[in-house]
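J.: Fit chain B to the supplied structure of chain A, relying on the hints for placement.
Going down the list, the protein sequences come from chains A and B.
Residues in the first sequence are numbered consecutively from 1, following our numbering.
Residues in the second sequence are numbered consecutively from 1, following our numbering.
Hint data in this document are derived by calculation from the structure and do not stem from the laboratory.
Hints should not be assumed to be uniformly reliable.
[As the list claims (entries may be wrong)] Covered stretches of chain A, going by a simulated chain B footprint (3 or more residues, C-beta under 8 Å): (1) 17-23; (2) 57-66; (3) 96-109; (4) 123-135.
Even for Gly, the Cβ is constructed at its ideal location relative to N, Cα and C.
Given next are the chains, with one letter for each unit.
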Amino acid sequence: MATFLLIVHGLLAVALLGAVSHQALSVCWPTTNKASAWARFRAVPAAPYTNMIILLYVLTAVLGGYIYTIYRVDVRTLLEELSIRSIVGLFEIKEHVIAVGLGLLPAYWYYLRGPGAGQHAVTRKIVTALVAFTVWFGFIVGHVVNNTKGFGL
Amino acid sequence: MKRLEPLFPAFSIAFGVIYIVCMNFNIALFMYYPVLGEWHTSRLEGADVGPPMFYFGWLFYALVGAVAFAAVTAAIPRSVTNKIWPTAVWLVPVVVLVVSAYLMRIWF
Numbered sequence: 001m002a003t004f005l006l007i008v009h010g011l012l013a014v015a016l017l018g019a020v021s022h023q024a025l026s027v028c029w030p031t032t033n034k035a036s037a038w039a040r041f042r043a044v045p046a047a048p049y050t051n052m053i054i055l056l057y058v059l060t061a062v063l064g065g066y067i068y069t070i071y072r073v074d075v076r077t078l079l080e081e082l083s084i085r086s087i088v089g090l091f092e093i094k095e096h097v098i099a100v101g102l103g104l105l106p107a108y109w110y111y112l113r114g115p116g117a118g119q120h121a122v123t124r125k126i127v128t129a130l131v132a133f134t135v136w137f138g139f140i141v142g143h144v145v146n147n148t149k150g151f152g153l
Numbered sequence: 001m002k003r004l005e006p007l008f009p010a011f012s013i014a015f016g017v018i019y020i021v022c023m024n025f026n027i028a029l030f031m032y033y034p035v036l037g038e039w040h041t042s043r044l045e046g047a048d049v050g051p052p053m054f055y056f057g058w059l060f061y062a063l064v065g066a067v068a069f070a071a072v073t074a075a076i077p078r079s080v081t082n083k084i085w086p087t088a089v090w091l092v093p094v095v096v097l098v099v100s101a102y103l104m105r106i107w108f
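So here's chain A without its partners, still in its complex pose (with noise of 0.2 Å):
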């Protein structure tokens, strides 16, 4: 069941990553420009995106949060008595981003759909990058955590 859930953590993680990609991309270094592939992925329009991707990372997060409960009890123990503590320090940090990219949230819909977007450009360009980081941060830690056996540790 544990794993089961993991891949399906993961497949919303993905969603999740493209989407806010996209987004942060456009937002950042915005083109009309189409004539690539490149460009092609940074000339989305970043609004419509928003709620999509608040969906996605609480989705993303509430189930993380479940599997974490598993990880605390089968994986940290482990991970402590094979004092492999740089995971588990990773690991830590990881949940304290998701944490502050939860609460940063309401603030980025707010300068994305609410009454901010259109004004403040560099806090929708800043926040939105904000929100981009937490999201690669978590899921390349969660594969660093998942895969801590091919990594020789």
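T.: Just chain B now, kept in the frame of chain A:
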């Protein structure tokens, strides 16, 4: 809902700060014992109870505290918050992220 929307940046500013304070000083209203599958408001003794998880308790306090902070800032004139929030809303979370990484140095 429209009346609450201007309070969203204040919520986000406070959430991270309250979370990191709760995390650092381990202030949690409740904790979860994954081995038992139970929520408790105080620590349990005994080897068979397993490790407690405070994460959800920190998040809860951050949520409640951020709502309270946002409600209080409703009394501040919009002309003032419009000058402060656009910078604070990203600067404060960045500082919180740096501080959280610094606090986690004990693991490395």
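J.: Cut-off 8 Å, C-beta pairs, minimum 3 residues; does the coverage of the stretch 17-23 of chain A by chain B stand?
T.: violated (count 0)
J.: Checking C-beta pairs, does the stretch 57-66 of chain A have three or more residues closer than 8 Å to chain B?
T.: With 1 residues close enough to chain B, the hint is violated.
J.: Residue count check for the stretch 96-109 of chain A against chain B: does it reach three with CB-CB under 8 Å?
T.: holds (count 12)
J.: Are at least 3 residues of the stretch 123-135 of chain A within less than 8 Å of chain B when you compare beta carbons?
T.: holds (count 4)
In the structure shown, a violation is registered for the earlier hints numbered 1, 2, in ascending order.
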